[in-house]
Amino acid sequence: MITTELFVKMVIDRWHGSIANLNNLLNTLTDQQLQKEIAPGKNRGMYLLGHLIAVHDDMLILLDMGQKIFPKLFEPFIKQADKVATQMPTVAELRKMWEKQNNHLEEKFKKLNPEEWFEKHTAVSEVDFAKEQFRNKLNIIITRTSHLQYHTGQIALLK
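The sequence shown begins at 18 in the numbering used here and counts up one residue at a time.
Don't take each hint at face value.
What the hints assert, rightly or not - Calculated pairs, DSS-like style, for lysine-lysine (alpha carbon to alpha carbon, straight line, at most 27 Å):
hint	residue 1	residue 2
1	Lys96	Lys85
2	Lys53	Lys96
3	Lys176	Lys117
4	Lys89	Lys113
5	Lys53	Lys117
6	Lys89	Lys117
7	Lys26	Lys117
8	Lys59	Lys100
9	Lys125	Lys176
10	Lys53	Lys89
11	Lys26	Lys125
12	Lys100	Lys176
13	Lys137	Lys125
14	Lys96	Lys148
15	Lys125	Lys85
16	Lys128	Lys113
17	Lys176	Lys59
18	Lys148	Lys137
19	Lys85	Lys137
20	Lys117	Lys128
Keep in mind that the hints were calculated from the coordinates and are not lab data.
Use the sequences and the hints to build the structure in full.
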């Protein structure tokens with residue numbers, strides 16, 4: 018029988034594994050490599066890293082875990098396409114933000130008990146959640162893990 022605690026552990030462990038996979042990849046890439054396009058005419062590695070930080074920052078609000086820690090990344094990394102923003106952090110700054118973001122989320126995740134992961138996230142109304150209980154906090158982790166894995170695969174093309 019699968020318990021709530023076991024299911025949450027499986028999802029969170031996959032999240033941690035995906036973060037570790039990208040961290041390992043980032044450790045093999047230079048700042049110069051991350052400034053290159055994944056493929057001609059496509060996003061740069063640094064843009065994808067900034068995008069992941071900005072998306073994970075949004076998770077804080079979706080999961081009702083507080084405010085964003087890097088709100089200035091929304092405009093250049095979510096609202097705009099790569100190479101549109103005139104001011105962006107350096108790759109070195111993005112690496113530090115990535116580490117800080119991961120540590121911050123980890124602290125927040127540890128505070129939730131297994132049942133709380135099945136509560137609604139902030140982008141769904143009470144009425145809609147009553148009809149669609151899969152629109153919960155844990156589902157945010159599942160979808161963001163897939164998103165993280167997708168972009169990790171893209172960044173791997175820089176090797």
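Status of each hint after checking the structure:
no. : hint               : verdict
1   : Lys96 with Lys85   : 16 Å, holds
2   : Lys53 with Lys96   : 21 Å, holds
3   : Lys176 with Lys117 : 24 Å, holds
4   : Lys89 with Lys113  : 15 Å, holds
5   : Lys53 with Lys117  : 24 Å, holds
6   : Lys89 with Lys117  : 15 Å, holds
7   : Lys26 with Lys117  : 22 Å, holds
8   : Lys59 with Lys100  : 10 Å, holds
9   : Lys125 with Lys176 : 33 Å, violated
10  : Lys53 with Lys89   : 23 Å, holds
11  : Lys26 with Lys125  : 15 Å, holds
12  : Lys100 with Lys176 : 21 Å, holds
13  : Lys137 with Lys125 : 16 Å, holds
14  : Lys96 with Lys148  : 31 Å, violated
15  : Lys125 with Lys85  : 12 Å, holds
16  : Lys128 with Lys113 : 23 Å, holds
17  : Lys176 with Lys59  : 16 Å, holds
18  : Lys148 with Lys137 : 11 Å, holds
19  : Lys85 with Lys137  : 19 Å, holds
20  : Lys117 with Lys128 : 17 Å, holds
Consistency note: the structure conflicts with the earlier hints numbered 9, 14.
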